[in-house]
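Taken in order, the sequence shown gives residues 3 to 325; the numbers are from my numbering.
Keep in mind the hints are simulated off the structure, nothing from the lab.
Please note that a few of the clues may not be correct.
Cross-link-like lysine-lysine pairs, in silico, BS3-like; alpha carbons within 25 Å at most [unchecked claim]: (1) Lys213 - Lys253; (2) Lys249 - Lys149; (3) Lys149 - Lys253; (4) Lys249 - Lys215.
Pair by pair, the computed Cβ-Cβ distance ranges are [what the hints assert, rightly or not]: (5) Lys215 - Thr181: 32 to 38 Å; (6) Val262 - Ala34: 23 to 29 Å; (7) Val262 - Gly88: 18 to 24 Å; (8) Glu261 - Glu8: 22 to 28 Å; (9) Gln169 - Gly125: 19 to 25 Å; (10) Pro11 - Val254: 35 to 41 Å; (11) Glu8 - Arg222: 21 to 27 Å; (12) Ala211 - Arg25: 16 to 22 Å; (13) Ala83 - Asp62: 37 to 43 Å.
Just so you know, even glycine gets a beta-carbon here, dropped at the ideal spot from N, CA and C.
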Amino acid sequence: MTLPYEAVPARRTLQVVSADGTRIHVEEFGRADGPAVVLAHGWTCSILFWAPVVRLLSSDFRVIAYDQRGHGRSAAPTTRAGYGTGVLADDLEAVLQAVLPEGERAVLAGHSMGGMTIMAASGRAAVRSRTAAALLASTGSGRLLGKTEVLPPRFSSRWLRRVFHRQLLTSRLPLGPVTPMSRAAFAYGVLGTAPTREQAAFTARIVHACKAKQRAAWGRVLAVLDLDAEIAALEAPTAVLVGTHDKLTPKVHARGMAEVLPHCVGLTELPGLGHMTPIEDPAAVESAIRALVAAHAVPAAVVDGDVDAATEQGDPAVEEKSA
């Protein structure tokens, strides 16, 4: 029996070159002729993070997931300019141009930093024209240090929480091998009220695989995040989802985003869940994505399963490997 936390074999893999030359690793799953769903993971994660959701969606959809730069099998930036929400938007734009045939629009789903990527790209014409709808899961548009609750408010001052949370985001200390202590730490910090051992182990495995330098560099970006203007410009129909016990991006973020989104189509609060909603309740995330596809997905006028034509027209360079 296939376990939900095992990697899903990709139908096709691609290497997409972003605007600054960074190579982005992309994998496709499911039906080649299905409606397109594009998944963007969060800080310290990788394509593997989405495995439980991919497994549920791939019977009906063409599911595209990619490693954010500096994560998984994507290249790491070589300069300080290679970090920031603008380059995350560049990468998403490059992926969409590479994988979507002319006229097709996909449902985008972003978790944590992946949701921030979607917000950051809201003003890009090339992204807007390829976006049917969006799901923002367990994310926020700014003020992360002041609202994070890993250090409980009732036991600390606001100043102490900000200092602690900044250190949490920007530390370059190596995590080392996964241990019972690290699994327990992740269960407390990013999972909800009743995490399973499998969820804690899977989360620890993914986060420990992220290199300390990349973890810290992207943590510094998150520490000063300000995407309030960008989320107010996200015009696609957008659903918001959050766990009620999310300590990293508490539900106050989700409620605030739902209020300012131009076309919010729903706010879902999942009782007892923490920050890793696609791991903790993949069926709930699947359901939210399916609802967006049913209501808003726009298939391509002609879908031939090949990206060569788009590449010849000047879209990002693509190297393809079929499974």
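Structure-based check of each hint:
1. Restraint check for Lys213 and Lys253: not satisfied, since their Cα atoms lie roughly 29 Å apart, outside the 25 Å limit.
2. The suggested pairing of Lys249 with Lys149 holds, with an alpha-carbon distance near 9 Å, which does not exceed 25 Å.
3. Straight-line distance between C-alpha atoms of Lys149 and Lys253 comes to about 10 Å, which keeps the hinted pair within the 25 Å bound.
4. A hinted pair counts as satisfied when its Cα atoms are at most 25 Å apart, and Lys249 with Lys215 qualifies at roughly 23 Å.
5. Against the hinted window of 32 to 38 Å, the Cβ-Cβ separation of Lys215 and Thr181 comes to about 21 Å, which falls outside the hint.
6. In this structure, Val262 and Ala34 break the distance hint of 23 to 29 Å, their C-beta atoms being roughly 37 Å apart.
7. A C-beta distance of roughly 21 Å is found between Val262 and Gly88, which places it inside the suggested range of 18 to 24 Å.
8. For Glu261 and Glu8, the Cβ-Cβ distance of about 39 Å falls outside the hinted range of 22 to 28 Å, so the restraint is violated.
9. The hinted window of 19 to 25 Å between Gln169 and Gly125 is violated, with their beta carbons roughly 33 Å apart.
10. Checked against the hint of 35 to 41 Å, the C-beta distance between Pro11 and Val254 comes to roughly 39 Å, which is consistent with it.
11. Between Glu8 and Arg222 the beta carbons are some 33 Å apart, a value that contradicts the proposed interval 21 to 27 Å.
12. At about 18 Å, the beta-carbon gap between Ala211 and Arg25 stays in the expected band of 16 to 22 Å.
13. Range check, Ala83 to Asp62: about 40 Å between beta-carbon atoms, so the 37 to 43 Å window is met.
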